[in-house]
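Model the placement of chain S on the given structure of chain G, informed by the hints.
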Amino acid sequence: MSIPDRFQPARLLLYLSSAGASCALLRQGRVEQALALPVGEEGWESFNGLLIEHPGLPVAIAVDTVDEVYRQDLLPRARGRDRREMTERRLRQLIHHSPYQAALRQGPLNDDSQRDRYLMMGLSSPDIIRPWLDIIHIRGTYVSGIWLLPTLAISLASRFGLHKSRLLLVSEQTGGLRLTYLEQGELRFSRLAPVDSSQHENPLEGYAEEIERTRQALVGQRLLSRSDILRTVLLDPLNSLAGLHTFLPLTSGFECELIQRARLLEALALPPDLLTESSDALYLRLLPLAPADGNLINREQRLIARTQGLKRVLRGGARLVLGISALACATLLIDSWRLNLRATEARTSTEQLRRQEESLLARAGGAQALAHRLAAVEAWHQVASDNDGFQPGFKAMLDSLTRFPSIKPQRIEWSNALADGQPGLLLEADIVPFEGDYGRAQKLVEDLVADLRRHLKAGSRAQVAAWPLDTSSQLGLEGEFGHSRLSASFRIEVRPGP
Amino acid sequence: MKPRTAAPEPRASLLLLLGAVIAGAALLALGLAVHDQEARSADKYQILENQARRASADAPRRLETDRNQAGLYQHIRNQGFLGEENRAAWITALGQLRTEFKLDSLAWRLEPRALSSKHPGLALSRMDLTASRLDTAGLEALLGRLRELAPGRFTVEHCALNFESDGKRGQAECGLAWWTWNDPATSP
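Heads up: the sequence lines are chains G and S, in that order.
Taking the numbering used here, I'd label the letters of the first sequence as residues 1 to 498.
Taking the numbering used here, I'd label the letters of the second sequence as residues 1 to 188.
Hints are computed from structural coordinates only; laboratory data are not their basis.
Every residue gets a Cβ at the ideal spot worked out from N, C-alpha and C, and that includes glycine.
Mixed in with the good hints, there may be bad ones.
Here are the simulated EDC-like cross-link-like pairs (lysine to aspartate or glutamate), alpha carbons at most 20 Å apart as the crow flies [claimed, not checked]:
(1) S/K44 - G/E378
(2) G/K408 - S/E164
(3) S/K118 - G/E351
(4) G/K395 - S/D135
(5) G/K408 - S/D166
In silico contact screen, one side only, chain G against chain S (beta carbon under 8 Å); selected entries [said to hold, decoys possible]:
(6) L360
(7) W380
(8) R411
Excised from the complex, chain G in its bound form (with noise of 0.2 Å):
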């Protein structure tokens, strides 16, 4: 899984050839400050000026040197550690004069037999690379990867859809003719041819030499058969190939198609400047898509760049912690800035409205006067409500009694909570006399509670709660007559209305 491109870290870029070197600035996913370094020291002063301006920032290089080895390889599939270990041993079997070296994974053998295709390479002479390494180290910096150029094709024939077919990418480089040929993106076989631009009149020649030089070297190798027609993509950054075409025609068993500038400029999102003087740029721009395991750093380089890597992850996540902290802090700030604004608005307005009113309620004596005399009343109310009850049910009963002489009360009772919790006049009354007449004196009783119904206020009422005999024929009932005196007492009960 690659890093998009404007989330890659910012790292120098540099790409080495024993022609010249070339270096850029990658910022944000962008390639800037591209620039052409001269052989010698004079190069590596300019480099060294370059780190010094940038301090701290790692250096990703690309090497395009005949000094390059290949070897296909087949091995045991397996993950991880033991993967590691195993490629390891292979690379030291197989390539143990160089500290630079690694293994390109390449897939599955299209076989029963769970093996691995593997492209061993390596650097056979890191004399190319020595002294910028010593600038890179004495600079306090690191490299964070080194990548043979041929490793960098693979991400570009992936970039313009040519990783479906076999085809050969040529390219014109600082340090020669670039010829790299490719089987359905995986990287098979590559040179550097050098360029002797005195032997031919038209240099162009020349490369159509070397093409069919490679291509003979293809079919020695048995990557390809005489018979095959050779699809060749010529990179043409600087727009100077495109007569090469001629020289390769299909009846040789070419098939051309030439990739020129604006088309390169497009499908890699670069400046316009960056390919004017040389096609190194090309190259430097695919340096951050390069494979992961195609990087040939050693192991000590290795470790140096996990733990800068992971300082810079440090670094970059304190400055975001803080970044996002005084961000937020500046924004609660800001809104109690306005928050204050708003409390001191609310005050102001506060305190008008206080001097208006008090203005208006002058005349009454003030605002604490009024309010003082206000609730008064409403106490009063209160109180008053309270009151509603006695008086005109103690009334109305004491009325009423003068209006039946043969009723005499033992007991008027009236309270605002009665045995239940509610209000209410109680009469407790005797008929007298009495002679016996159960039913005349039950009549009576009724004619009391109408005409305590009648006198009462509306929404009372007024109900029978014992009566001089119980009559109901649910209950049963006993009694004797002869031992003592005949009683018709009774019990009226008076609740007000609601």
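Only chain S this time, still in chain G's reference frame:
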């Protein structure tokens, strides 16, 4: 050129991150504290402003109400409803009643004053009253006369008349509540 040392352990960067987290948290806490304080202050003044606005808008209505209730307020004041209790005057009035109504006895018991939950500032003192040989009309008259004589506001909580055998007179037992009101806005 003096070579710089090889890449050190990322301990310093880890400490830097830790420091940044602590500093960030402190910054955030500071911002939140200041914001919280200002938000509470703004809310408080907003509430006060709303109250003042309502009070100002309501002032004409209160003035009108006060004007309409001026007579009632005067009556309340004259009734002795406002301020402290005048217990001496109440008991003196009871003595006068006994003489006026030619009662054999008039017993009373007054409880300590207690605050009422009906209304802020409202307090009541309960009084039990027992009068002997009182006729039916007398009870009403007695309470009516007490209202005239005693400077205070009372309500009848309960009242019972236990008649003697003639059914015309009896012993009256009443429970009264004497009400007073002290303005809670000015009371300590």
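If you draw a straight line from the CA of S/K118 to the CA of G/E351, is it 20 Å or shorter?
violated, 33 Å
- Task: Using 8 Å as the Cβ threshold, decide whether G/L360 counts as touching chain S.
- Result: Holds, about 5 Å.
Exercise. S/K44 and G/E378: Cα distance at most 20 Å?
Worked result: violated, 29 Å
* **Proposed proximity, S/E164 with G/K408 (alpha carbon, max 20 Å)** => Holds, because 10 Å separates the two Cα atoms, which is no more than 20 Å.
| Taking 8 Å as the limit, does the beta-carbon of G/W380 come near enough to a beta-carbon in chain S? | OK, holds: G/W380 within 8 Å of chain S, min 5 Å.
- Holds or violated: G/K408 with S/D166, Cα cutoff 20 Å? holds, 8 Å
Assess, step by step, whether the Cα of G/K395 is no farther than 20 Å from the Cα of S/D135, and give holds or violated. holds, 13 Å
| task | Please verify that hint: G/R411, Cβ, nearest Cβ of chain S, below 8 Å or not. | result | At 5 Å from the nearest chain S Cβ, G/R411 passes the 8 Å test, so the hint holds.
Of the numbered hints given earlier, the model fails hints 1 and 3; all others are met.
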